[in-house]
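Enquirer: Just so you know, the sequences run in chain order A and B.
Taking the working numbering, I'd label the letters of the first sequence as residues 1 to 145.
Taking the working numbering, I'd label the letters of the second sequence as residues 146 to 331.
Derived by calculation from the structure, the hints in this document are not laboratory data.
Just so we're clear, the structure is a prediction, and the values are computed from it rather than from any experiment.
Watch out, some of these pointers could steer you wrong.
Using 20 Å as the maximum straight-line C-alpha spacing, the simulated SDA-like pairs for lysine to any residue come out as follows [to be verified]:
#1 K106(A) x V215(B)
#2 K106(A) x S216(B)
#3 K295(B) x G125(A)
#4 K192(B) x L180(B)
#5 K46(A) x R217(B)
#6 K31(A) x I128(A)
#7 K118(A) x P322(B)
#8 K295(B) x H70(A)
#9 K118(A) x K222(B)
#10 K212(B) x N110(A)
#11 K212(B) x N8(A)
#12 K316(B) x K212(B)
#13 K234(B) x D247(B)
#14 K118(A) x F236(B)
#15 K295(B) x I201(B)
#16 K212(B) x M82(A)
#17 K316(B) x Y199(B)
#18 K118(A) x D247(B)
#19 K46(A) x P322(B)
#20 K106(A) x T76(A)
#21 K78(A) x S39(A)
#22 K222(B) x S85(A)
#23 K212(B) x P124(A)
#24 K118(A) x Q196(B)
#25 K106(A) x A156(B)
#26 K212(B) x K46(A)
#27 K118(A) x L180(B)
#28 K118(A) x S213(B)
#29 K106(A) x K295(B)
#30 K319(B) x N8(A)
#31 K212(B) x T136(A)
#32 K118(A) x K319(B)
#33 K118(A) x V161(B)
#34 K212(B) x G87(A)
#35 K295(B) x T136(A)
#36 K106(A) x Y199(B)
#37 K212(B) x F133(A)
#38 K295(B) x R7(A)
If you want the building blocks of each chain, they are given just below.
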Amino acid sequence: MMYVFNRNGVCLLYREWNRPLRTLNAQQDHKLMFGLLFSLKSLTAKMDPTNAEKGNLGVPQLPGQGCSFHSFRTNTYKLSFMESSSGIKIILVTHPGTGDLLESLKYIYNLYVEYVVKNPLYSPGTPIRSELFDKTLDQYVRGLG
Amino acid sequence: MPPAAPRSGDAIFANVERVNAELFTLTYGAIVRQLLTDLEEVEEVNKQLDQMGYNIGIRLIDEFLAKSNVSRCVDFKETAEAIAKVGFKMFLGVTASVTNWDADGTSCSLVLEDNPLVDFVELPDTCQGLYYCNILSGVVRGALEMVSMKTEVTWIRDMLRGDDAYELQVKLLKQVPEEYPYKDDE
Numbered sequence: 001m002m003y004v005f006n007r008n009g010v011c012l013l014y015r016e017w018n019r020p021l022r023t024l025n026a027q028q029d030h031k032l033m034f035g036l037l038f039s040l041k042s043l044t045a046k047m048d049p050t051n052a053e054k055g056n057l058g059v060p061q062l063p064g065q066g067c068s069f070h071s072f073r074t075n076t077y078k079l080s081f082m083e084s085s086s087g088i089k090i091i092l093v094t095h096p097g098t099g100d101l102l103e104s105l106k107y108i109y110n111l112y113v114e115y116v117v118k119n120p121l122y123s124p125g126t127p128i129r130s131e132l133f134d135k136t137l138d139q140y141v142r143g144l145g
Numbered sequence: 146m147p148p149a150a151p152r153s154g155d156a157i158f159a160n161v162e163r164v165n166a167e168l169f170t171l172t173y174g175a176i177v178r179q180l181l182t183d184l185e186e187v188e189e190v191n192k193q194l195d196q197m198g199y200n201i202g203i204r205l206i207d208e209f210l211a212k213s214n215v216s217r218c219v220d221f222k223e224t225a226e227a228i229a230k231v232g233f234k235m236f237l238g239v240t241a242s243v244t245n246w247d248a249d250g251t252s253c254s255l256v257l258e259d260n261p262l263v264d265f266v267e268l269p270d271t272c273q274g275l276y277y278c279n280i281l282s283g284v285v286r287g288a289l290e291m292v293s294m295k296t297e298v299t300w301i302r303d304m305l306r307g308d309d310a311y312e313l314q315v316k317l318l319k320q321v322p323e324e325y326p327y328k329d330d331e
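In isolation and in its complexed conformation, chain B is listed as follows (with noise of 0.2 Å):
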């Protein structure tokens, strides 16, 4: 039997149980709300969300693989794509484009005109280093960690601090090859 040809964002997102839209966003935003009143900073507050999206990042990416059956991306251009068009479609329902190549490959960034975390949110003055939606490049760290690559992942622009449209930048920082985890003796 021929391998199963790798299935669009679409297909999938349409055959997987989705949650309601309004509920997710809420969700979300009552985890970012306690997270401010717990822990107050800032910056602290950022870097839980990215912890948290890196251990999503992580189940994240077999759920991924499972579902998609993307075959092994050959270099970081097709994995920044495979991402951008399947992955946010399957688990967002929206897709983003991919942009801004640098000279060497190793960097792009993903922009995303709609985001369905940011629904009816608005940013506080009290509030303005917050990166709302932290949780996205922890997620996509986390991932990309899983099948040998490490990468940043940083937000250029957010809506809600002002900006046009939602743009993440994803850097290559190097591929990790598999190693023997024995050592050789035993």
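Only chain A is shown next, with the shape it has when bound in the complex (with noise of 0.2 Å):
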């Protein structure tokens, strides 16, 4: 599964390829991934043993200080995450034998910003509708499994 969110936690994007499971309505997942991703980015960020300065827990910080988490893994899937300094966040559930996807989500922004940001009918903030872009995503993506 793929999930793209902005800075203010709009979903911009939610592609599932395979997902046999569905336990919440599609505004309730949406809204606890975005709750869960901004809890850790703050979790691990106060939790860093390198960083010298600290804020205490529940300060908002500035997209990208402090360090930024890349993955986790469970018994039965991985997630993998990225953010841009410009606060979109790329999230992609995969199954647990998954390398680093570290590489591959770059790739995807670089596809979302060819496809969904230089596309002039698209306005920032709104969920993606774009073909285009949609299928580029599967194949990228279905390629990578």
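Once you've looked at the hints, go ahead and assemble the two chains, each given alone in its own frame, into the complex.
Expert: This is the structure in structure tokens:
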């Protein structure tokens, strides 16, 4: 599965390729995912042993400040995450054996730039409706698996 | 695999698709001319150019980040350097220099020796208050806003008004941290 969020938590894109169990409705699902990542980022930044200055837990941070986590793995899936300095977050949920997807996420970010950002009919901050983007993304992700 | 190092402006400029410089200059000129005809007020045109630049900037930032791979800038100084060396080079093909840092490092000037937007341009007497390149100030403002920096960007020197170079002053008003957008009780 794949999610793309912008800095305000709006889910710009949600694609799924193989999701057997559906637990919540779509809105709840997105909110949960965004909330999870936001908290994880905050937590990882605060627990960073190499960072000298640490605010208290709960203090909002500048995007990108502190360390950013890349992925977590459970026994049934692996979630990979990438955040750009402009707040665009890309999440990919795959099977647990997948290697490090940072380069792939960067490539997807590039695709996003090419097909979505450069499209003059797309208003930033709204969900993405671009067939070209969907198709290319689809091809790329199937090629990864 | 080690993360890719940030690429220099020249390297990226060589790799992106480029458009003919004259086409670019003439298109921009046509835009400004049309705005002047439609709006007539020079101040209005300045504002429109800034707004257009802002809309461009908020999209441009993603392309910039994706192609240039710069890591997070720790402070405003690094940001200004990144814009001047990588950003301007990547999109306009010219490098700017960063000067005039004020005491707390929140305000600096980007100086452009040559500016592709203004080739062949001369301002007539009827348009003396016009900031011809105001679109650039909008672009910088828009782009920085998407990386959480609220800035104010103004022109200090403008060659079309008789100065010897283009100088853009970028002032950091504040850094806006990320906030959790959903209310806690939902």
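Enquirer: Which earlier hints can't be squared with this structure?
Expert: Hints 7, 8, 9, 11, 12, 13, 18, 20, 26, 27, 29, 32, 35 and 36 contradicted; others consistent.
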